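Respectively, the protein sequence lines represent chains A and B. At position 161 of the first sequence (counting the first as 1) the number is 161 in our numbering, and the numbers step up by one without a gap. At position 206 of the second sequence (counting the first as 1) the number is 206 in our numbering, and the numbers step up by one without a gap.
Derived by calculation from the structure, the hints in this document are not laboratory data. Note that the coordinates shown come from a computational prediction; the quantities given were computed from them, not determined experimentally. Beta carbons: idealized from backbone N, C-alpha and C, even for Gly. The reader is advised that the hints may include incorrect statements.
Label pairs and their in silico Cβ distance ranges [what the hints assert, rightly or not]:
hint: 1; chain 1: A; residue 1: 35; chain 2: B; residue 2: 81; range: 54 to 64 Å
hint: 2; chain 1: B; residue 1: 507; chain 2: A; residue 2: 50; range: 30 to 40 Å
hint: 3; chain 1: B; residue 1: 79; chain 2: A; residue 2: 507; range: 45 to 55 Å
hint: 4; chain 1: B; residue 1: 128; chain 2: A; residue 2: 288; range: 44 to 54 Å
hint: 5; chain 1: A; residue 1: 287; chain 2: B; residue 2: 53; range: 10 to 20 Å
hint: 6; chain 1: B; residue 1: 331; chain 2: A; residue 2: 359; range: 16 to 26 Å
Protein chains: 2
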Amino acid sequence: MTVTTDTLLTVAGREVPATINGREVIPFQGVGKYKPGGIKAAPAIRSCADFPADGNKVIDLDREMVAGIKEALYRAGLMDGMTISTHHHFRNGDLVANAVFEAAAALGVKGLRWYPSACFPCQEGLIKYLEDGTIHHIEGSMNGPIGAFCSSGKMKGMAVLRSHGGRYQAVQDGEVHIDIAVLAAPTADPFGNATGDRGPSACGLLGFGLADSEYADHVIVVTDNLVPFPCYPWQIQGQNVDQVVHVDKVGIPERIVSGTTRVTKSPDRLLIAEHIAKFVRDVGIMKPGFSFQAGAGGITLAFAMFLKDFMKEAGVKASFVRGGSNQYLVEMLEEGLTPYILDGQTFDLEGVRSMRENAGHINTSPFTSYNYHGKGNFASMVDVVVLGATEVDVNFNANVVTHSDGRLLHGIGGWQNCLFSKCTILAVPSVRDRIPVILDEVTTMVGPGELVDVIATERGLCINPSRKDLVDAACGTEVPLLDIRELKEHVDQLCGGTVAVPKVGDKFVAAIKWVDGTVIDAIKETGPF
Amino acid sequence: MTVTTDTLLTVAGREVPATINGREVIPFQGVGKYKPGGIKAAPAIRSCADFPADGNKVIDLDREMVAGIKEALYRAGLMDGMTISTHHHFRNGDLVANAVFEAAAALGVKGLRWYPSACFPCQEGLIKYLEDGTIHHIEGSMNGPIGAFCSSGKMKGMAVLRSHGGRYQAVQDGEVHIDIAVLAAPTADPFGNATGDRGPSACGLLGFGLADSEYADHVIVVTDNLVPFPCYPWQIQGQNVDQVVHVDKVGIPERIVSGTTRVTKSPDRLLIAEHIAKFVRDVGIMKPGFSFQAGAGGITLAFAMFLKDFMKEAGVKASFVRGGSNQYLVEMLEEGLTPYILDGQTFDLEGVRSMRENAGHINTSPFTSYNYHGKGNFASMVDVVVLGATEVDVNFNANVVTHSDGRLLHGIGGWQNCLFSKCTILAVPSVRDRIPVILDEVTTMVGPGELVDVIATERGLCINPSRKDLVDAACGTEVPLLDIRELKEHVDQLCGGTVAVPKVGDKFVAAIKWVDGTVIDAIKETGPF
Numbered sequence: 001m002t003v004t005t006d007t008l009l010t011v012a013g014r015e016v017p018a019t020i021n022g023r024e025v026i027p028f029q030g031v032g033k034y035k036p037g038g039i040k041a042a043p044a045i046r047s048c049a050d051f052p053a054d055g056n057k058v059i060d061l062d063r064e065m066v067a068g069i070k071e072a073l074y075r076a077g078l079m080d081g082m083t084i085s086t087h088h089h090f091r092n093g094d095l096v097a098n099a100v101f102e103a104a105a106a107l108g109v110k111g112l113r114w115y116p117s118a119c120f121p122c123q124e125g126l127i128k129y130l131e132d133g134t135i136h137h138i139e140g141s142m143n144g145p146i147g148a149f150c151s152s153g154k155m156k157g158m159a160v161l162r163s164h165g166g167r168y169q170a171v172q173d174g175e176v177h178i179d180i181a182v183l184a185a186p187t188a189d190p191f192g193n194a195t196g197d198r199g200p201s202a203c204g205l206l207g208f209g210l211a212d213s214e215y216a217d218h219v220i221v222v223t224d225n226l227v228p229f230p231c232y233p234w235q236i237q238g239q240n241v242d243q244v245v246h247v248d249k250v251g252i253p254e255r256i257v258s259g260t261t262r263v264t265k266s267p268d269r270l271l272i273a274e275h276i277a278k279f280v281r282d283v284g285i286m287k288p289g290f291s292f293q294a295g296a297g298g299i300t301l302a303f304a305m306f307l308k309d310f311m312k313e314a315g316v317k318a319s320f321v322r323g324g325s326n327q328y329l330v331e332m333l334e335e336g337l338t339p340y341i342l343d344g345q346t347f348d349l350e351g352v353r354s355m356r357e358n359a360g361h362i363n364t365s366p367f368t369s370y371n372y373h374g375k376g377n378f379a380s381m382v383d384v385v386v387l388g389a390t391e392v393d394v395n396f397n398a399n400v401v402t403h404s405d406g407r408l409l410h411g412i413g414g415w416q417n418c419l420f421s422k423c424t425i426l427a428v429p430s431v432r433d434r435i436p437v438i439l440d441e442v443t444t445m446v447g448p449g450e451l452v453d454v455i456a457t458e459r460g461l462c463i464n465p466s467r468k469d470l471v472d473a474a475c476g477t478e479v480p481l482l483d484i485r486e487l488k489e490h491v492d493q494l495c496g497g498t499v500a501v502p503k504v505g506d507k508f509v510a511a512i513k514w515v516d517g518t519v520i521d522a523i524k525e526t527g528p529f
Numbered sequence: 001m002t003v004t005t006d007t008l009l010t011v012a013g014r015e016v017p018a019t020i021n022g023r024e025v026i027p028f029q030g031v032g033k034y035k036p037g038g039i040k041a042a043p044a045i046r047s048c049a050d051f052p053a054d055g056n057k058v059i060d061l062d063r064e065m066v067a068g069i070k071e072a073l074y075r076a077g078l079m080d081g082m083t084i085s086t087h088h089h090f091r092n093g094d095l096v097a098n099a100v101f102e103a104a105a106a107l108g109v110k111g112l113r114w115y116p117s118a119c120f121p122c123q124e125g126l127i128k129y130l131e132d133g134t135i136h137h138i139e140g141s142m143n144g145p146i147g148a149f150c151s152s153g154k155m156k157g158m159a160v161l162r163s164h165g166g167r168y169q170a171v172q173d174g175e176v177h178i179d180i181a182v183l184a185a186p187t188a189d190p191f192g193n194a195t196g197d198r199g200p201s202a203c204g205l206l207g208f209g210l211a212d213s214e215y216a217d218h219v220i221v222v223t224d225n226l227v228p229f230p231c232y233p234w235q236i237q238g239q240n241v242d243q244v245v246h247v248d249k250v251g252i253p254e255r256i257v258s259g260t261t262r263v264t265k266s267p268d269r270l271l272i273a274e275h276i277a278k279f280v281r282d283v284g285i286m287k288p289g290f291s292f293q294a295g296a297g298g299i300t301l302a303f304a305m306f307l308k309d310f311m312k313e314a315g316v317k318a319s320f321v322r323g324g325s326n327q328y329l330v331e332m333l334e335e336g337l338t339p340y341i342l343d344g345q346t347f348d349l350e351g352v353r354s355m356r357e358n359a360g361h362i363n364t365s366p367f368t369s370y371n372y373h374g375k376g377n378f379a380s381m382v383d384v385v386v387l388g389a390t391e392v393d394v395n396f397n398a399n400v401v402t403h404s405d406g407r408l409l410h411g412i413g414g415w416q417n418c419l420f421s422k423c424t425i426l427a428v429p430s431v432r433d434r435i436p437v438i439l440d441e442v443t444t445m446v447g448p449g450e451l452v453d454v455i456a457t458e459r460g461l462c463i464n465p466s467r468k469d470l471v472d473a474a475c476g477t478e479v480p481l482l483d484i485r486e487l488k489e490h491v492d493q494l495c496g497g498t499v500a501v502p503k504v505g506d507k508f509v510a511a512i513k514w515v516d517g518t519v520i521d522a523i524k525e526t527g528p529f
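Bound conformation, chain A alone (with noise of 0.2 Å):
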């Protein structure tokens, strides 16, 4: 195939640049449509007689983090234009990744490719690093101030943005490959098990590592509680680790509580979320044996409480549900009303705490429960998932990066390979900030309409009419229901108008990439130009 323009349309009409750093794109063709070939990525064979048979792996620089990782980067033989990852198990309360960027600094190398599971306000620090060319750009999903960077034209390379599951997907494909993953594991051995739930630092668990542990060319654990072999529970399996890096400490776990892992104190919101709970125990989605999962966002906080009084009421039990755990879902899981959480991702420190201690809490991976390039995951078999968005349209189509002055300020997280789910909700207020949040097209697609079931406001519900079995279950519910064109109309009379198409330049900043590897949508610079 010839590259013979510069911009692609998906299958949904949105241009996409045909390359991205270099690489060609494949432009969304519709969900479930895409069928890669090929094999997996495939790391380099290791042998035993390279490595300290006492399973010693640790380097202690008077457990200085900066100059421990920069021993351990030397080591790996850091090099320019490398890959090198991070995670946000610790959300905003990270550590490592400012220092390993410090430390690359201090080795002198350049174009540096960022690839995290995401990054927060936190890592505001990297952007002059992004500015000296010690990072080229970053692959990951992004969030305030590094999101701002990249939508205003400055990063030298494209973003690319991918789910939590687009990106276990890329690395397995062989899409990304990681020269060097760098791991904050609150808990270690010598020999590199490592674990999240235990430890000064506890942050949950690891999972985001998985597939850096297992792709990577070379893995550092960086580590403030070095304890004997074997650590266990071992996340992160020492039989992929490198390098061992013994620090002070790694993370703030406090900080993994923020904005989107409180419950909402909104009347608003609440009664969305209200409606919603309202609407799944109604159409009969509340029943014996069925699961749930609520995403990170004070609404869908909200709604969890709210599903668990009627569950309570009604005498119904989960078979699961689905986390990002938090002090609500292993409220549920000690009163008895699920025997599982099959978490993903740690929202608060009472999510850490039953990690720890309750059999029933498990970790999960991007990799269990996103990764579509597998046999199954666990996104399609949950009957039904709470969203936030930034923005809807009267298609069901949502963004959940930029807002509607085109600004990139949000990762993806796993939202769309939650979209997979039995009944997909997008919570939303009809109005944020005086702008209507309905439109007639998402400034950014990044969930395409035909896998959004319900989209929920303060108002009522809208439900996908292509979902009769929805329509009809709902002919019950006490929750008001709206034709999501009608509430767009009268959104918009109530705000003196519809929302303007933001001012954008030329210049792509952004890529949006589907689950399956092809790009569903392009983010262009904003300014000020």
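Take the given structure of chain A and dock chain B to it, following the hints.
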């Protein structure tokens, strides 16, 4: 490289065939000398679009095993010449391997390669499929009647015996490609998550199937206990599974206990066990935080019993013990003498119970414990391991597969892998059935003498002179210490002479792989001619 001769010599001077089943051989080059190149094997990329969204992969034909497996093999596209794997988690109680080849024969396919993790006398019925051409040859540790069949020269292809770690290594490195893996699972869910630690046929763990689940083209789980999703623990992950066959009964767990998993009652052999335990105590290996592994076999199990008493006397606790688990290790765990059993294979039903009930009784796999082509493994971190052997020689080389008549009657198991421990002790009676067990040169070299630290007999212990540190440490022990050549001479005199070199034909019938994939020795046919 051009193969110019039919045989090659290993670094130890052993003659091995230049090709095995058409594939060129790399002869053994010494411990840690052969360095692998290249990348690991990589399975095909799959898509969730091709698997049921609700996770239901079940075939149930009235729970009839052969019918269900036949249907699954047909759907898997079984063809002539393919490689099928099965596993020995039920040891002599396996029912699945026989059913697999009955089904394959019914489908009319020929020339299959069987890649079991081990075979047992219960699979004697497969000899007819070796005779009629359904199975071309076996690559896997062989035991009893099938070993004897191979020795007689009747198998069409050459057998290849590998250690448990070598089996993982061969699959990982792409030396053996498994087309279809069939995994007997005591409990599974419709998605294919499977565990061995529970269910009516609970057999312990399923670690021998890990490589197969990761690398085989097609993975079939066969279970007699189908539970709702999620089956947890998921020792085998449904994301790697294509089909789940629901049947009446997959195995007879009582039969995992066999002659090699019962404590000896022989006074001579109990004396060997006591000698070893005293040695481990007296040389200072048995100190707080130490670790040990005792393999299958009556003497080594008795060793664990003696050691337990010494540990209690001295108030010493281990940091971990490695299994094959059995009631004696479980007692140590439950009495607080060790916080962890790192278990690779369950040897009795107490081991199964403990694995299910005790958080410190941990599943391991040939990947974690034994794979030599990883970034280290557990085996080399163990302070002392006690193993058996069929023969040893004055250079401390050892044999574990053939008898002195040349017949192949045993598999390697984890034996080769365990030789990498910090102190390897081989427990052997000096005489078996009036035949000396210490030879000038072992019939088959399975383990090189440089890795064998002590040979323990009822008459006393022989320390490898290369381990000067052990010789020094042993100066105060009450255990008799002997020179191996003097011991050999003494035993030969008692038995009326040295062991006769076995009469063998010209044809190689089996090759013995070293842990790094090189060939360390080969076995010739023994007739009858």
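Hint check:
no.	hint	result
1	35/A with 81/B: 54 to 64 Å	violated (27 Å)
2	507/B with 50/A: 30 to 40 Å	holds (38 Å)
3	79/B with 507/A: 45 to 55 Å	holds (53 Å)
4	128/B with 288/A: 44 to 54 Å	holds (50 Å)
5	287/A with 53/B: 10 to 20 Å	holds (19 Å)
6	331/B with 359/A: 16 to 26 Å	holds (23 Å)
Consistency with the previously given hints fails for number 1 only.
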